[in-house]
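Colleague: Heads up: the sequence lines are chains F and B, in that order.
Quick note on numbering: the first sequence equals residues 1 to 198 in full-length UniProt numbering.
Quick note on numbering: the second sequence equals residues 1 to 198 in full-length UniProt numbering.
Treat each hint with caution, since some may be false.
[As the list claims (entries may be wrong)] With a cut-off of at most 27 Å between alpha-carbon atoms, the simulated DSS-like pairs for lysine-lysine come out as follows:
| id | chain 1 | residue 1 | chain 2 | residue 2 |
| --- | --- | --- | --- | --- |
| 1 | F | K162 | B | K186 |
| 2 | B | K98 | F | K174 |
| 3 | F | K186 | B | K158 |
No wet-lab data here; the hints were simulated from the structure.
Computed from a predicted structure; not experimentally measured.
Residue strings, one per chain:
2 protein chains.
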Amino acid sequence: MKNKGFFCLLVLFFLGFQVCVQGRLLAASKPDRDDAAGYARWLVSQNSWGILNTISTELEGAPFGNVVSFSDGVPEKSSGIPYFYLTTLDPTARNALKDHRSSLTISEYPLGTCGKADPESPVCAKITLTGKLVLLDANSKEAEFAQTALFTKHPEMKGWPKSHNFQIFKLEIKDIFMINWFGGPKPLTVDQYLKYKM
Amino acid sequence: MKNKGFFCLLVLFFLGFQVCVQGRLLAASKPDRDDAAGYARWLVSQNSWGILNTISTELEGAPFGNVVSFSDGVPEKSSGIPYFYLTTLDPTARNALKDHRSSLTISEYPLGTCGKADPESPVCAKITLTGKLVLLDANSKEAEFAQTALFTKHPEMKGWPKSHNFQIFKLEIKDIFMINWFGGPKPLTVDQYLKYKM
Numbered sequence: 001m002k003n004k005g006f007f008c009l010l011v012l013f014f015l016g017f018q019v020c021v022q023g024r025l026l027a028a029s030k031p032d033r034d035d036a037a038g039y040a041r042w043l044v045s046q047n048s049w050g051i052l053n054t055i056s057t058e059l060e061g062a063p064f065g066n067v068v069s070f071s072d073g074v075p076e077k078s079s080g081i082p083y084f085y086l087t088t089l090d091p092t093a094r095n096a097l098k099d100h101r102s103s104l105t106i107s108e109y110p111l112g113t114c115g116k117a118d119p120e121s122p123v124c125a126k127i128t129l130t131g132k133l134v135l136l137d138a139n140s141k142e143a144e145f146a147q148t149a150l151f152t153k154h155p156e157m158k159g160w161p162k163s164h165n166f167q168i169f170k171l172e173i174k175d176i177f178m179i180n181w182f183g184g185p186k187p188l189t190v191d192q193y194l195k196y197k198m
Numbered sequence: 001m002k003n004k005g006f007f008c009l010l011v012l013f014f015l016g017f018q019v020c021v022q023g024r025l026l027a028a029s030k031p032d033r034d035d036a037a038g039y040a041r042w043l044v045s046q047n048s049w050g051i052l053n054t055i056s057t058e059l060e061g062a063p064f065g066n067v068v069s070f071s072d073g074v075p076e077k078s079s080g081i082p083y084f085y086l087t088t089l090d091p092t093a094r095n096a097l098k099d100h101r102s103s104l105t106i107s108e109y110p111l112g113t114c115g116k117a118d119p120e121s122p123v124c125a126k127i128t129l130t131g132k133l134v135l136l137d138a139n140s141k142e143a144e145f146a147q148t149a150l151f152t153k154h155p156e157m158k159g160w161p162k163s164h165n166f167q168i169f170k171l172e173i174k175d176i177f178m179i180n181w182f183g184g185p186k187p188l189t190v191d192q193y194l195k196y197k198m
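Put together the whole structure using the sequences plus the hints.
Modeller: Okay, here's the thing in structure tokens:
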């Protein structure tokens, strides 16, 4: 009975930890802020969701953001390329099939690694990958890789209704905008980002 | 000494709670999912940050999402209208001054009230407010209300560099897209949303 309190403390601490890391997938430590490619790849591989933007054909060409889950690979084997599981029942996939222009925006804030910094502070990193949102050929090797990447990080997807005809899309990145400290966006090419070894 | 364990439990529980509600501002309980206006206003008043989307003049008209902090009022006195504190050193404000079309996207996920649902699941609510992102007259009553709303929820903003010339913007909402359960977006007019009494 003497150890009961300590046991409870451990359980509570563990439960608290579990809740607090919701949305964070790996335990990889935060890279140095001057390592732009490493930091960007860390943000993308650690997050499980973001806002995917398309040009709305239904709202007079407005930029339309939508909450989506994504994956850039199975844990410990990330590619840097975000893959999505979308249905044309949702405007985002419909928009992308008409106009490929798109961006994916991710914040460090929900990872819980920003300390007390405000979500808009440059100290709390943010990344926007801009490019083309394209549908993958369902029979391609890349679609196979992407499906494993998605279903591993988002097991619930396996059970999503067949009738909704979910399909795999990817963002072909053309530009990277990342702020992870004072001094404006970090210079970072798509090539540096994609070739970075995690 | 007998109560030491219990005291520690309380402290840990309190600390855990504090950490876990990062980004969640009030303790208002989650409305019924069929109360579309109430749910939408709850999502906007409870969240402190989201993704603000504009049309990029620098990236060939691509939809460009950016992580921003916002406020729709002081706690217990929300307006439903999101206000922002932006600088033209950042592309979002520059874009908005050239093309007002914009949207703000918010997820329920970081509030920690989605249980085990995936961030893309319709069970985990999401809202996109689409409209015009406009600069407020700094001397207006509305700018005064907005600044108090912003600085109350984001105290760090008070200390942001004067030289960066932060200005207050608001989203004039024209359309609401909200999913908070199965069955597609909830029908909800801007009028119903704005007139809802919290």
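Colleague: Under the criterion that the straight-line Cα-Cα distance not exceed 27 Å, is the pair K186 (chain F), K158 (chain B) satisfied?
Modeller: 25 Å, holds
Colleague: When you check the alpha-carbon spacing of K162 (chain F) and K186 (chain B), does it fall within 27 Å?
Modeller: Holds, at roughly 22 Å.
Colleague: Taking only the CA atoms, is the gap from K98 (chain B) to K174 (chain F) under or equal to 27 Å?
Modeller: Answer holds: K98 (chain B) to K174 (chain F) is near 23 Å, not above 27 Å.
The structure meets every hint from the earlier list without exception.
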